[in-house]
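Student: Sequence:
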Amino acid sequence: MKLETFAVEAWMTDHENCCAYNMADSCCAALSLRELLAYASAQERKALEDIVLDYGPIIGSLTLRRHIASLYAYDDPDSVTLAHGCINANELVLMTLLEPGDHVVTLLPTYQQLYAFPESLGCAVTKIALKEEMGWQADLQAICAAVTPRTRLICLNFPNNPTGTCPDRAFLEQLCAFCAARGIWILCDEVYQGLDPEYECSVSDLYARGVSTSSMSKTMALAGLRIGWIHCQDADLLARINARRDYHVISESALSDALACIAFVHRDAIMARSRVIADTNRKILREWLRDEPLADCVIPRSGTVCFLKVNTDMPSAQLCERLQEETGVFFAPGSCFGVEGHVRLGLGIDNAVMREGLRRFSAWLHRN
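With my numbering, letter number 56 in the sequence shown gets 56, and the count goes up by one each step, no holes.
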């Protein structure tokens with residue numbers, strides 16, 4: 001099993017800790033422990049002192065799984081199992097469902113794990129290009145046309161990383177009906193959901209063979225807890241995933257589980273904070289784009305990332321390297337997602353960082 005370098009993760013590792021303005025972060029500005037506990041009651045804070053720092057419940061505490069299940073229409077807590085972040089949730093699903101020789105359909109650009117990992121397992125992968133001129137929206141006909149008799153799984157990521165775009169419910173319902181007629185599974189990484197619940201929906205609610213993965217990292221601003229999960233109606237698949245977990249992470253931290261429960265009790269307040277941050281950044285970006293002829297962007301209605309088009313012939317990695325060296329402004333280059341001429345911009349970052357980072361980026365662009 002040979003894996004290619006995970007381009008965006010390697011880029012983040014090499015660059016994000018030595019910048020002044022992190023414009024690439026895909027999470028909402030992270031809460032400190034003090035900020036999280038400020039939401040908690042005195043009783044909730046006191047209970048933390050009695051937690052035994054042992055392994056947590058293997059599949060997650062029932063309390064936490066009930067909280068997570070409440071996010072879905074299919075709200076049975078037994079439809080939820082925990083993972084070490086969404087990346088581990090995806091890994092567990094992919095390793096459980098796929099065998100060498102299977103065919104997978106996914107999108108590009110997207111999170112590299114969703115195509116590179118199946119390829120490492122010996123699967124054939126067809127990547128359907130998202131087109132900027134179509135608003136980066138997925139083409140249902142193209143996805144369906146790519147299916148073969150060997151297609152086992154369709155891998156999606158909505159809202160999409162890096163474009164932030166998300167299809168409507170009708171798109172997902174049509175795709176689920178198509179897959180149901182052929183026995184094809186759908187995995188959807190939904191880690192960027194939560195900011196627009198009236199528009200967003202989950203494949204695991206729409207389809208018996210739909211698997212939704214997510215975490216507390218992005219819109220809940222708690223990446224450090226490393227709490228991710230898998231939601232699925234298929235009890236047999238979840239049992240197989242739980243058996244596989246024993247070879248990977250065993251359990252999540254009991255402390256993380258308890259802190260996650262506190263966060264879910266106060267989720268409405270946390271999500272309100274995240275919406276204000278992201279909505280303000282969308283406004284800042286729109287205003288900046290009106291006065292910046294060298295950039296353009298399809299600004300998504302949900303999620304915490306977007307894909308900023310830069311009107312320059314400079315390769316995106318070179319642009320990002322030079323920009324960071326000369327101004328301290330840090331982006332993730334489009335080359336990490338297989339698309340040149342773009343950079344990933346985080347919509348959940350601190351609003352002051354967004355304003356100053358864009359100002360410095362403009363000044364640098366017009367000098368170069």
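Some hints here could point you the wrong way.
Stated by the list, open to error - Have a look at the derived ranges for each label pair, beta carbon to beta carbon: (1) Asp-291 x Ile-250: 25 to 35 Å; (2) Arg-34 x Leu-140: 39 to 49 Å; (3) Ala-181 x Ala-129: 24 to 34 Å; (4) Asn-311 x Ala-129: 13 to 23 Å; (5) Asn-17 x Thr-148: 36 to 46 Å; (6) Ser-362 x Leu-255: 12 to 22 Å; (7) Leu-48 x Ala-272: 45 to 55 Å; (8) Ser-362 x Ala-254: 25 to 35 Å; (9) Arg-301 x Lys-2: 12 to 22 Å; (10) Ala-129 x Thr-5: 32 to 42 Å.
Unchecked claim - Capping the alpha-carbon separation at 25 Å, the derived lysine-lysine pairs in BS3-like fashion look like this: (11) Lys-131 x Lys-283; (12) Lys-283 x Lys-309; (13) Lys-2 x Lys-127; (14) Lys-309 x Lys-127; (15) Lys-131 x Lys-2.
I should point out that these hints are in silico values taken from the structure, not numbers from a laboratory.
By construction, the Cβ of each residue, glycine as well, lies at the ideal position given by its N, Cα and C atoms.
Student: Of all the hints given earlier, name the ones this structure violates by number, lowest first.
Tutor: 1, 6, 7, 8, 9, 10 and 15
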